[in-house]
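Those letters in the sequence shown? Residues 1 to 312, per our numbering, in order.
Bear in mind the hints are in silico, worked out from the structure with no lab data behind them.
Quick caveat, the model's predicted, so the values are computed rather than measured.
The beta carbon of each residue, even a glycine, is placed where N, CA and C say it ideally should be.
Just the calculated beta-carbon pair ranges, DEER-fashion: (1) E218 to C97: 34 to 44 angstroms; (2) R88 to D301: 40 to 50 angstroms; (3) S176 to D239: 39 to 49 angstroms; (4) T99 to E272: 40 to 50 angstroms; (5) P225 to H148: 22 to 32 angstroms; (6) A224 to I165: 20 to 30 angstroms; (7) I197 to D279: 29 to 39 angstroms; (8) E218 to E161: 13 to 23 angstroms; (9) E161 to R283: 30 to 40 angstroms; (10) G69 to A281: 30 to 40 angstroms; (11) D239 to L203: 19 to 29 angstroms.
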Amino acid sequence: MNESEDDVVTVLSGLRPPDAPSAAVKTRAYTALHAAWQVERRRRRQRFAALAASVAVMALVAGLQLRSGESFCIGAGADDVVWVNGERRQPAQGSLCLTGGDLVSVDTTQRFEIPAGYDLRLRGGTSLRWHTPAAFDLQAGAAFVATHGTAALRIGTPFGEVRDIGTVFMTELSESALAVSLREGSVSVASAHGRHIATASRLAGERVVVSRDRVVAEALPKAAPAWDWIYAAHPGYTDHHARALLATVAGELGLELVYASADARQLAMDQEVVGIRDDMAPRDVLATVLQVCDLAAREVDGTLRVDRDAER
1 MNESEDDVVT VLSGLRPPDA PSAAVKTRAY TALHAAWQVE RRRRRQRFAA
51 LAASVAVMAL VAGLQLRSGE SFCIGAGADD VVWVNGERRQ PAQGSLCLTG
101 GDLVSVDTTQ RFEIPAGYDL RLRGGTSLRW HTPAAFDLQA GAAFVATHGT
151 AALRIGTPFG EVRDIGTVFM TELSESALAV SLREGSVSVA SAHGRHIATA
201 SRLAGERVVV SRDRVVAEAL PKAAPAWDWI YAAHPGYTDH HARALLATVA
251 GELGLELVYA SADARQLAMD QEVVGIRDDM APRDVLATVL QVCDLAAREV
301 DGTLRVDRDA ER
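With these hints in hand, go ahead and build the complete structure from the sequences.
Okay, here's the thing in structure tokens:
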């Protein structure tokens, strides 16, 4: 070996492993480490508990907002039976009170007066979920709406959204499609296929059918059989004079009232018709008025044409 190697050997021979820590030192170190781990564990638990509590509060608030939405009452027949959230209800004194989020179903065709300013009729077997007096989701069945320009109604469906633009229309929902039929004014139908504005002419309105793969629009006469179900829940007859009854019937049928002669108009002017009941269908009322007043009527090109009965 040379001198440098001897020096290295001398240095290394003087080294020895460090002494192992005593049991007391080990115990203190373990205790300190365990305490630190417990502190961190508690912090993590607190953070998780705080997160869980926040989620629970948010869910509770969301639930309360759904069930504690806007409360409102709608006009309904005192003898009608309505199902609200699966519970049977009979409107008290002609008024049905609801809360935003309520699910409403009817077994028979019924009519409601909505505070937003429109007339709503539901075909038997229809169900919908109310959000506000001017917004609901149609879940099954058919709804007829006459807003008369006083409401900006929104109807949601799985196939798209229908928005009123001051009109009279009908919305029907099946498992395969949404159908919107127009009588007066115009209505917006928005879906995955785009936005369609349906309009009406004097004789017919558009019928827009939205399915999952397309939109089809066609003309539907205002007095077509597709509208017949709405007559089972009409507003009734407040004025029993023949002229008022004829005007009401023509409006219900989607027809324009036309008198063919001055004589026919005069016969209907002041004649009061006895025996008219609110539960009578429009065509039954028409037949009664014509018989009492010696009149005849024909449906011609979107009009209800009234003239003297030539056979009397």
